[in-house]
Structure formats: C-alpha cells, structure tokens
Amino acid sequence: MSESPHITGWGVASALGVGRDRFCAALLRGESGIATVRRFDTSLFTTHVGAMVAGYESDDRDPTLLSHEFGMLALHDALAHARLELGALQSMRAALTLGASLFGDHTTESLAHDLAKELRISGPAITVSTACTSSTQAIGFGADLIREGFADVVLAGGIDVLTPALFAGFHALGVLSKKPCTPFGRQMGTTLGEGAGFVVIERGGLRDAVTRARLRGYGLSGDAYHETSPEPRGRGVAAAIRGALDDAGASAVEIGYLNAHGTGTVANDTAEWCAVQSVFGSDLGGSLPLSSSKGHLGHAQSAAGVLEVISTLECMGAGLAPTTAGFEEARPGGPPRPVGSKQPKPLVYELALSSNSAFGGSNCALVFGKAKPATVSDDDRRRVFVSGATALCAGVSSIEELASTYEAESPLSEAELQVDLASQLPRVDLRGIDRASELLTTVVSRALADAGVQLRGETRARTGLIAGVLRASPDSLYRFHTSLERRGFAKPDTTAFAQVLPSAAQGACAKALNIRGPQSTVTIGEGSGLMAAVMSAWMLARRRDSDRIVAAAVDVRSEHSAEGALADAACALVLCTEPTAVEVAGIGLAGPGQLDEAIAEAKRRSGLSERVESLVELPNPFGGMPATSSAFALAHAIGALRRGKSKNTLVATAGTTASVAMILTSDGVTHDD
Amino acid sequence: MSLEDEYRSLRHGAALSRMDHVGLVRVSGDDATEAVDAICSGDLWVRDGRMLQTLILGERGQPVADVYVCPDDDACILMFEGITTEELSACLAQYADADLAIELEDLRPAYELISVNGPYAWEALSKWLTPDVIGLPYLSFYHFDHGTCFRAGKTGEYGYDLAVRSEHVERAWEDLLELVGALGSGEVSLETLDLSALENGFFSVRHASVEGLTPLELQLQWRVSARKRFPGAAAIEERRAKGMERRLTHFVARDGVESGDPIRDADGPVGQVTTAAFSPGIGGVTGMALLDLSVAHPGIDAFFVPGPNVDRPIRTVSSPLLFNRSLLVDPHRHTYATRDETSDPPLWLGSLP
Amino acid sequence: MTTNVSDYVSSRGAVLDRVRRMLRDTMKLRIEPESIDPDVPLFGTGLGMDSVDAVELVVQLDAVFGLTLAGSLWVSAKLRTVNTIVDAILELGNEP
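Chains as they are written, first to last, in our numbering: chain A, 1 to 673; chain B, 674 to 1026; chain C, 1027 to 1122.
Excised from the complex, chain A in its bound form (with noise of 0.2 Å):
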C-alpha cells in the first residue's frame, strides 16, 4: 500500500507542441516556445512576448473552452503514451487530480468535474488551486490516492491559459522580462506561458505497463511572508525539497538533477538558489546540476509544475539534463552555473527533484525517477486526533452553538456576520485583509486556541494547513475586472490581482499566523471543507512533516457572484498525531455519486462497522454554505463525541466532484486494515 507509484505515462499541450513526439523533439533541439504575442493585443504592455500552447498562438475562444481543450489533448495523450485505452482506464479504479486556478466566475472544481466525466473516470477528481504550484501538488496528492488505496490510476496533472487580464496583472506587478526570460540569466523578469500536462500514476502489478519512473515523494511548505514575494531567503523552498526528500526516503546526495521553479525573477532566482545551498550545502549544491524549463515553456502557471516534471522525465529518459533555455550569463545571487547550453547536456541521474513556487507564500517539490526505491512499512503510520474544532456564521460562534442550530433545526440568522479579528490578533497587520481571509483566519486561530497550540519556533514549521475553497474570490475578481474597465490593461488593481487567487485566503490565514508546514487550497465543490480535513488526515497518518494540520473551509456571499454561496460561513479542524480523547477511526474516497462506496471504505478502515453512528441523516441547516457545510457536520460530529453524547461517529457528504467519509471514534480502540 505504500510503495513509491510507477509513472507509466505522461502527455503535454504546451508551447513546444502539441503531443509528446513534437514536445520532446522541441525539448531535445534545445527550442524554445516563446513568442510575440499574437492573441491579443500587447501595446499597451511594455512586454509582447508569451509562451502560447503551439497551434493555438491566435485562438482567442473562451478560456474555459480552451482550459478543457489542452486538458482533452494532454489527457489522451497520456493515456497514449501509457499505453491505457480508455476501456480499460474505465475499469480500474481511476482518479483525476487537477491544478487549475480559474480566473473567472467559475467554481474551480468545475473542469475536473467535466475532464472528469468526459473520460469517464468514476472516482473522485479533486483540484488543487494554489496558482504556480497546483500542478506540482496535484501530482504529489495523486500519488498520496495510489499509497492510500483509494485509487489504482491517477491522472495528476495541471491546466492554464494565458488570458489578457493575467498578463495584465503580472504586467502591472513589474515582473514581467521585456525579452523572452532569461532564467538565472541577465535579464530580470518571467515570460507568461499556458498549456496543459498529465501524467500516469499507477499501482504497479496490475497491468502490464511499462513504469517510466517512479514518484517517490513530495514535500509542501508556506512561507508565511508575502502575497507575491518569496521569502528571500528561501527558508519555504528549502523546507519543502526537505519534506520531498524526507517522503521519498531519500538523502540530497542522491538526487542527480534539480529542476527548478527558476522564473528569472529579481525575487525568486535568488532565494530558490539560498534554498538549493542550504539543503545540499555549498559543495553539493555548487555541483549539482540544474536548469530552469521556463525558458523553453513560459511560465505555465498551474500546468508549470507538470510541464517542467515531465521535461524532465523525457531528458532523464534520454540521458539528458534539461537545459535553460536564455541563459547566457549568470546573474549575482543566483547559481553561477546552471545547465545553460543550447541543448541538453548528457548526464546520466537516477533521481530527479522538481521544485515550484506560488503566489501566497506556497512551495511543493516532488523526487522521481529510476531508481529503487526502498521499501516502507505500514508501522510507520501514526495515529491521527482531533484537537481542535471552530465553527462561524451568522448566529453560530462555537461548537456549542453549532450544535443548538443543528438540534433545533432552526433556520439561520439572517444578520450579517460579524468578526473583529482585530482584536483577536492584536500583534498582526491586517490591513487590506479580505473577507475570504478575515473569516479563515479567524476560525484558524481560535481553533488552533482550542487546541491549546501556540505557533512559536518549530511548531510553525511543522503546523499546516488544508483549505477547502470553491471559488476565486468574488469580490476581488470583480474589482480587478472593473479595474481593467475603467482604468485600462496597462493599469489594474494589483492589489485585487493578489487577492484573486482561490489560494488567497489559506495563504493569507497562513501569513497572519505564521503557519509553515504543509499547505494547500483543494476543491471538490460541495464538500470541500470535508475533503480538506480527509486530506488532512491521510498526510497526518504517512508523512513526517508536520505534526498537525488545520482543516478549513471558507465561504463568502457576494454580490458579484451569480450562483456563490448564500452566507458567510468558515469553520477550521485541527488534526493532530497527538493522542486526545477524538481519534480518526478512517476515512473513505470515492467518486461522485458513490457516497455508499466512501461510507463503507471509512468503515472497513476503521474497523467499526456496525457500531457507527451517522450524523449524514441529520437536517443540514447549512445550505448554501457549499464549502463548509460538511465541515460543519464534522464540527458537530466532534463536539458530541466531546460531550459524550455518541461514540463512534460517521460523517460523510456527496461532493461535487467526489464522495468523502470520515469515521470519528471516542472508543480509543481502532485499528487500520
């Protein structure tokens, strides 16, 4: 159940062609896929140059269109290169996870939903919305389904489009290179890209596939710093290759290759090589091979990750490092010697690390590769406690409230919601702080309270969080759209930009707390809170790197939205390895639609059958709350087990785009199967 999943395959829709051959082929001839801009107009912007998917240079369509276009092309692409017809894809246990960041008034879960459904994969399709590193982490939360059991095939990967308002936004954020960039280079700036990737994750044995590499492990980490800065001395980076290595079971001497984020940013270049010098020290790392990808490719967002993973597969398939594309002379601060020839170098690795880097302080690096990887035993698992539990929305400030809603069945109140975190958090600048955040926040420390945590020194960096999110923020949305109206593409609201991202709250919240570990913003659309305390659980039970991690969800009323939620409402879990009177009992993942199927995993998990509770059959008070509605049962679900008034409890939700279940146990007897 935990051995390092085979990557059987892998397919691209990106700026060096359509498809692996034209990809590869590109890659090996040292090209790179950056050009003058031709979908739309650029003269505003003091740069004209972008990285478009080949073909597609002029194709100005919907990018939601498009978005499910490069998705379709890479998605067949890759079941091509692994060999997978789609028969057989549709009858194995088969799962989809998905970074994307939708700029518009979309939920985020809703292109996994259709990629998803086009495919016809039946088990659950989660997004990761975390910007430039969605990609990155989809594919290390796709092996996570592969070592839990809960799938047999992952199609992980990551999907963007290069719109105007996006160039826009980095334009007017001065970090664009008015050249094609020059990662570690001379010239300061990142050239935008699009384009999507996936590859094929899978148990091995079950097929006769041929296994390219194999996912070893990955690492997440938060800065904790700044909404678009990094911290400059790559503290985060550093710490997540740690986790990366610490989950592949193995040491920095090993890797042979680093591919990194490199976007050839005053900011990043050098705080990414800090990280690289203090995890491999100065010998190891001065001597380390590495390159940046974002030469060849642009910056491709939430497919970067993804693209720059499977570069690296076909170079080390090849015998080849990746080369940088544009880099001529090193920059100060930066590696003074990255792989920078025209065309891949020879170079014969074992064992590769990628790293990336996002908006909001996030950092996630993945090791793969050939080489074997040691075999680790299920003792290795640690117990998984509640320790913490918040719940707000109008009317509802604590569990005990929480409860009273729930038991009486009242409808809510319809009084506007409240909060002065101000207070709450006396020593931290909230200024510009958005509601999103404000409400995260806010659940996030008081139930870090409840839990009895105080973050200082290595707490920070081994707390995480998971956030369950449906959506961009509404509100900055439409003040960066109105922006781009009434004062033109060269001159929008940078601050709303920031604050676009689905990631923004968590890494706000993280921010405002100093929360380092393990983070992520994830969606299943209804649902979400569950699923991020379901994630929660399962890095909590086979990881290293933290000791808990918060579980929250978050959603915001707004007039901007059409179909948004219908209620400000957050609520925050805190999971932890420490032992308290609530225990995890097991989880359950299934697809939409399968909610019996996740019920009855959790319960064979746990052990407990048929003495389980349910709160599912309980009137949901909560609708229009479609994030945090389940994290409320779950909430809920705690406090009785607190108070002695239940067990064993089930808590479970139909998601949009997956059906998850969680068995919570008062008893202090479980065992896993």
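To be clear, the hints were calculated from the coordinates, so they are not data collected in a lab.
Below, simulated EDC-like cross-link-like pairs (lysine to aspartate or glutamate); rule was C-alpha separation at most 20 Å, straight line:
id	chain 1	residue 1	chain 2	residue 2
1	B	800	A	283
2	C	1104	B	1003
3	C	1104	C	1076
Starting from the known structure of chain A, fit chains B and C onto it as the hints suggest.
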C-alpha cells in the same frame, strides 16, 4: 579622511564605521514579543527576519530611544540608540507585566557592531559574505556563521549593520576595510553618519532636541500605535487633543545658521533651528527647524535667521534632501568599477536661498 | 511676502490633506489623515508601502491629481514621502 572626504566616500562608494553607540540585546522567552510590545510605541507588525523602526517614549511623550525591533523566531533582537542596556532593562521592568516570562541578554561584548553604508555597500558585502546578500530586502536580516547581517542604515544609501562575534571582528574589520578601499572609501566617523542621516531626514535621538517635543512635532507619528497602550501614550493623546502647534521642518541655508538660532519672517518669530550642519553635498547648511504649524511646509523662502549685520535667509525643503546615488544603482547590473556617473542627475536638485 | 506665504501654505495645505486622505484610503490605514506625517517615508519604512502598493499609488495619483509619472526612476526619486508627492502635484499635476 576629512569630513568632506568621508562624506564623499559614503555618498559615492561604501564607507565603514564602528557602531559602538548602538545597543544590541536579545529578548527571549515565551512572552518576549509581548514584553517588547509593552515598551515600544509602535504596533509590532513585523515578521520573522524583518525589522521595524520604532521608539521608546518617556512619560511626557518624548523619544528616549530609537529602536529597531527584529523578531528572530520567538526572540526579539533589539538594536537601539539613546539609552543604555541597563536603562532598557529598567524600562522593561517598569512597563512590561511582571508575570511575563522573558530573559534579556546583552549581545555585547560577545558581539560588536560595524556598519557599511554607501551606494556600493552591497558590493563589499557580497564579497565579504555571499553574493545572495543582494537579495536581502531593506529592513531584513539573517544570520551567518560569525554573526548577523541587518540591512538597514540611516543615510539613505544601501546600509548594512553587521553584528560580528568579537573573536572575528578584528579580521572582519580588516577585510571590510580592504573591500571598501577598493570602492574608493574607508572608515568614516559618527559625525559623517549623523550628517548623512540629517540630510535624509532620519530622526536621530542624539540630535539636540527641544524640550516638550513629541512624535507629533517630530513627524514620527508613523512610529506610534493608534490603538495600544505604551509609555507616553497619555501624553500624546493629550497633545493631540490640545492640538499640535509646531512641526519639525527641513531647511537649507547658505551659511551662518546654527542650532538654537531663532527664525523669523517679516512679521515676527516663526520658530527655531533645532539642528544645523554644513553639507558638502549641497555646499551649504542643512538642518531641521521647529516652525509654527501654519507655516511648517517645504518650499517657503520668506524666513530668515536674524543676524547682527545681515539676516541669513533660509528655505524650507522636503525631506530627503538628496537624489541619493543608491537610487541609481542596481546590484543586479552595476558595479563600482564600471560605474558611469556622467549621465546621472545631480546629487541635489535644489538650490540655496 | 507674507501674503504670498499664506496663499502658498493654504493651497499646499489643501493638496496635503487630499494626498493624506488618498493614502489613507489606498493603504487602508485605520487612522485619521492628519496623523500621517508630511515627511513620512512611503516605501520600506514609514508607511511601509511595497511594490504592489506603488503600482496602485501611481494609478491613484494619475486619476485624482492628473499626475503622470513616466518610468520607475521617477517614482523612486520623486515619490519618497508625502511632501514629495505634494511637490510633484504642485509642480507637474494637471487635475482632470
């Protein structure tokens, strides 16, 4: 070096100084931040690895110490001028809750503080430390083998304060002296640092101060919290309620103006000179004047210091005075050796009255 | 002479008030505009504006005061304190 030479080397190269007048302590313990918060006037909205400029005020609202608060994991490093470490300790004892769990460690003499300031200070540092120091943002710090590098400075140029372990400081001084020597510079005195600070409008707790001045008059409200309790808070509230009457304003003059001189206009007194010094950068006198609030604005030519023979006209100006050369230097692209100042705008865009 | 000074401080004072108000709103500061020192540094220290805020500031100065600043060198050299913003407006502003 003469003051002029020192000044030139600081403003155009990189100058080295000893900072024996600056205190350095670490406050640690579970309640370190809370204790520091209790004595400082500003909101401690500052992250690990960053620095915040704030003040410690006396009961009458007058600045008593100029402080950088530097959170370092859960401890707080304080770099301060104006009081001794004993006085700081007494301040904590007086104003921080007695129950707070804290420890105060004087980092001297285990460490010595030296400083490098100038448009090419980063170049000296990138050779003495590692090249990635150029990525350190203003008001940030990090630890290296033999000490801590704080990027701060009160001259308006790139500035780095180095807390170096005493056993390494002699060697460090030699190495840095050689490095700044290659940048056309050498050691500069506190006087030169103070002059540079005055030109750039940096508050100095050592400048002659006039009794009864609070952060309101001194234009330091930005270092004062609008919401928390701290020593001197009541006095400031009282002054606010009463209304500010005067404000510190920057000025320039040709010559013959000194600290303490009265300032008048055609109708009568308008204020007083609080600090004045000759600036080689402008070829005249620069300083600060406490003026009546109604006329405490830059751009006024109507004032003068009355003299026995001749009145000395003064011109009020905006801070900072100079177009610092550091604004034109990009560590990612420039070096001292390849600098070309011929096409640079002048150091001072104004003129003397 | 005195008359000139009082006209000058009056119009300067009015611009100062408007700039303080604009900064207070842009930076979402929870203080009275009068509490913003005229010589407070804008970036790094003082008001602690960062590169994201700088972009917004330039836009607001154009929209509210008709102040167009070409090139980032102008911004870093001309806009260093509240008073320098007022100076730039009085010198180059062109109110819409």
